[in-house]
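Protein sequence lines correspond, in order, to chains A and B. Using our numbering, the letters of the first sequence map in sequence onto residues 1 to 197. Using our numbering, the letters of the second sequence map in sequence onto residues 1 to 384.
Treat the hints as calculated values from the structure; they're not laboratory data. The structure displayed is predicted, hence computed values, not measured ones. By construction, the Cβ of each residue, glycine as well, lies at the ideal position given by its N, Cα and C atoms. Heads up, a few of these hints could be off.
To be verified - Restricting the straight-line Cα-Cα distance to at most 27 Å, the calculated cross-link-like pairs of lysine-lysine (DSS-like) are:
no.	chain 1	residue 1	chain 2	residue 2
1	B	K320	B	K113
2	B	K113	B	K43
3	A	K2	B	K320
4	B	K113	A	K2
Unchecked claim - Heads up, incomplete: computed chain B residues facing chain A, CB under 8 Å, no partners named:
no.	residue
5	Q156
6	I208
7	S243
Unchecked claim - A short list of chain A residues far from chain B (calculated; beta carbon distances all over 12 Å):
no.	residue
8	R5
9	I46
10	S52
11	Q68
12	K69
13	S73
14	F74
15	D86
16	G188
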Amino acid sequence: MKRTRTIRLVLMGISPLILSACNPSVQGGRPQPGEERLYPNADACIASGDFSRADCNAAFAAALEEHQKSAPSFATRAECAQQYGDRSCAEVSSGASGSLAGSEATDNETQTSHSSFMPFMAGMLMGRAFNNGYARPAYTDSNKQTVRPGAGNYWSGGSNPVRQPGAPTSLPPPPQGKIVTQARSGFGSNNTARSGG
Amino acid sequence: MQRISIQERPGWRQQAAEYGFAFHTIDGERYWDESAYYAFTLKQVENDLEAPTEELHQMALALVDEVVNREELLGRLAIPSLYWDWIRDSWRQERTHLYGRLDLAYSGQGPAKLYELNYDTPTSLYEAAFFQWLWLEEQIERGTLPAAADQFNSLQEQLVARLGEIGGLLPQPIYFSAVRDATEDLATVAYLRDCAEQAGIAHREIAIEDIGLGSDGRFTDLDDQRIDSLFKLYPLETMFEESFGAALPNSGVQLIEPPWKAILSNKGILALLWERHQNHPNLLRAEFSQGPVVYPGRVRKPFFSREGANITLITPQGEKLQSPGPYDGGPTVDQAFHPLPSFDGRFPLVGSWVIGDQAAGIGIREDRTLITQNSSCFVPHAII
Chain A
1 MKRTRTIRLV LMGISPLILS ACNPSVQGGR PQPGEERLYP NADACIASGD FSRADCNAAF
61 AAALEEHQKS APSFATRAEC AQQYGDRSCA EVSSGASGSL AGSEATDNET QTSHSSFMPF
121 MAGMLMGRAF NNGYARPAYT DSNKQTVRPG AGNYWSGGSN PVRQPGAPTS LPPPPQGKIV
181 TQARSGFGSN NTARSGG
Chain B
1 MQRISIQERP GWRQQAAEYG FAFHTIDGER YWDESAYYAF TLKQVENDLE APTEELHQMA
61 LALVDEVVNR EELLGRLAIP SLYWDWIRDS WRQERTHLYG RLDLAYSGQG PAKLYELNYD
121 TPTSLYEAAF FQWLWLEEQI ERGTLPAAAD QFNSLQEQLV ARLGEIGGLL PQPIYFSAVR
181 DATEDLATVA YLRDCAEQAG IAHREIAIED IGLGSDGRFT DLDDQRIDSL FKLYPLETMF
241 EESFGAALPN SGVQLIEPPW KAILSNKGIL ALLWERHQNH PNLLRAEFSQ GPVVYPGRVR
301 KPFFSREGAN ITLITPQGEK LQSPGPYDGG PTVDQAFHPL PSFDGRFPLV GSWVIGDQAA
361 GIGIREDRTL ITQNSSCFVP HAII
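Same shape as in the complex, but just chain B:
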């Protein structure tokens, strides 16, 4: 694994604008950064990223199977009891999960370590699946990368196939929903609708804020049509706390991601995974936080934090790093400190995607600090 500087494609900004990648620059700061790429060997990708991703995914599914049947664990994960039966039922039904992203710390040597799972509302999908792919093809075409260069990225192919399967299991149309003014989320939703179109399934769009609740307890669109199937790029645990939340279990709505993903989007499972698989090469030691003190060599993460928010990190030397955020005050988990590798002063985090139940590709975000946040850059990769 190397970080290699490379010439940018001259027209990429215009191309990004033409193909819906409006957030390539965020608040004047570069988000898509193709001035460099990460080079992997095929062996690194297959042995150190792809295979562990599928193994960790299976470990996570086994954990869901255990948690849904043990109420003390649902309670321990701070999931409101109102939703327990609904979550359990969704697990026993035909599974309609689309995707998830595992965040891995990987340096090219030794095993990748799981930082966390983003299994409910993962983003950076469009740039990983589509724009990164374009980058590779065009750099090969320009002769900047060798013709044999490849990429671990069958994301779009697998998204289309998986959406086709889901479309066969759920009532159509599937509504795709995100917060109205969230540029990045709307692009992700537009991209998924494009994939849905290619899969031949009927789809519509609705802002999360526009969803209505009907007299019969069902959710409705702006034309008062019933919403039977809803893809929501909006956290389940947030929906649980909102005024329509209590209507979810009896609304008949089929969610993507399904309700059982509330277990896997919860960082408390890092402690449960460690309890069940101590010393697994891809896991970091983790336990439920005891008391307010974070000890050196530990990273404290809220159960429900997103985008690297509200993380407290104490290095073994006692240096403290903290990220701000809105998730203060809830339960937390403490994970062993395992710093991201440094390449030219940048810290890359490998986002390893699972579509359905298959490892399907990676996207790398790098930050100037040890905590990867939503200000990080997305840097493409190649298999050389």
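Bound conformation, chain A alone:
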């Protein structure tokens, strides 16, 4: 195959997107940087052999933490169901966090001002990032055909750090401190120059 196996956008566009190439034979082997794989739970991740047991567990914990922190929240079940499917939404009361196995509320249950609806976490998307791992919760789409990723959360390499060969062991220090800017607009005067070619 001469094309990218899995493609995603996390910042561009109105909602995150993840897609895999049609040919399922490309699965297998260590995930490449930038490639994410979907696992329903930590056990499935361990069973795949893609990552170590410790990494699978750490990633799942990171995804769950992110889910509890930032799962999409809706005022009504209908709004949640529209995006994530009828049977994929759980009611959570205010102050409580979204739950992986949250019990489904019945349709005739009264909505009170302190409850909201969140999609169940259907699994986790996990990938290698630069010198740690990257995991995020995954939700089913309303048509059950695609996966909608949630926000991401890094987990450190654990017992089996995922690291590219030759990469430094830590990131360079961030830039320090403010300095006095004396002038701006010293670049860009020729805005027909643009890019391209």
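Starting from the known structure of chain A, fit chain B onto it as the hints suggest.
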């Protein structure tokens, strides 16, 4: 290689809108055109495009190694001497180049011919790497293309991997910068930031116009934070001429593309490449222009032109074609006339991408004339 008409995906315009491809139509004219695609065989892709791309890339790098050490060549390429040491130093450091695009004339038969290198600010990246990929996947899913159809396009995968490597070599965050109101460039920058995010590196955005110069000679962002690493989708040679240009060498800023790319974004190197590799199957004869007359069978290109601007083309029969543009008056190079192939009256130009040092995919733009300009359409491709 064939040009084949194909049904458009019904929802592609909405999809384009949702995923940041605002420039699929430019000034009311179609830019993304999926009413047809170019079909290649795997052999054509691997033997005629991928392998020559990597070979030409290596020839280009060898040329940089020679030019940085020979001041008469830096002078011949009209690079201001103020920047020579800085360019040379950047070549001797760890290399942090991200990408480049070679423009190839290819008909499906015979060797592809190098028109030029776009190694500083290449665009049409998002549509080649992402939207073209989506097109193929969805056409396979719809059954419009066979399940075994493929595409020469590992661009996104390799961009993410390469940005991860660069992020390990440069201070973070990396600032991504383009001209404030340039829709297409801003989309390219947004796409690269997305890839940077996926690579796990810290990134910020700043308009080229907003970059500040601090009292200590360093560049700053709008919060007066120092800019240590800057990806700029803005030509190096333009920066050289601007008021902050002289501050570049001592600012400590690490640029992507790095300063040595000023050599490869310069069309004068077409003449230098030809001098060193005469009769190479993928090169067209080229020499530095002598005098104002362009002879039949020659194409005159400014050293610093972009987007097919200011090209003068004289066919062997003496017919003259000229494209307008803002790059008049500078030094030029004359290249042998080798017309683009014609498919149904369209002239496709193959943009062959190099990420890091690897050939990673192609994108095809076609025009109704022999000079490919920024009004050309982007047409997807498949390996069948």
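Here is what the structure says about each hint:
{"no.": "1", "hint": "K320(B) with K113(B)", "result": "holds (21 Å)"}
{"no.": "2", "hint": "K113(B) with K43(B)", "result": "holds (17 Å)"}
{"no.": "3", "hint": "K2(A) with K320(B)", "result": "violated (40 Å)"}
{"no.": "4", "hint": "K113(B) with K2(A)", "result": "holds (22 Å)"}
{"no.": "5", "hint": "Q156", "result": "holds (5 Å)"}
{"no.": "6", "hint": "I208", "result": "holds (4 Å)"}
{"no.": "7", "hint": "S243", "result": "holds (4 Å)"}
{"no.": "8", "hint": "R5", "result": "violated (7 Å)"}
{"no.": "9", "hint": "I46", "result": "holds (23 Å)"}
{"no.": "10", "hint": "S52", "result": "holds (19 Å)"}
{"no.": "11", "hint": "Q68", "result": "holds (22 Å)"}
{"no.": "12", "hint": "K69", "result": "holds (18 Å)"}
{"no.": "13", "hint": "S73", "result": "holds (22 Å)"}
{"no.": "14", "hint": "F74", "result": "holds (20 Å)"}
{"no.": "15", "hint": "D86", "result": "holds (23 Å)"}
{"no.": "16", "hint": "G188", "result": "violated (4 Å)"}
Consistency note: the structure conflicts with the earlier hints numbered 3, 8, 16.
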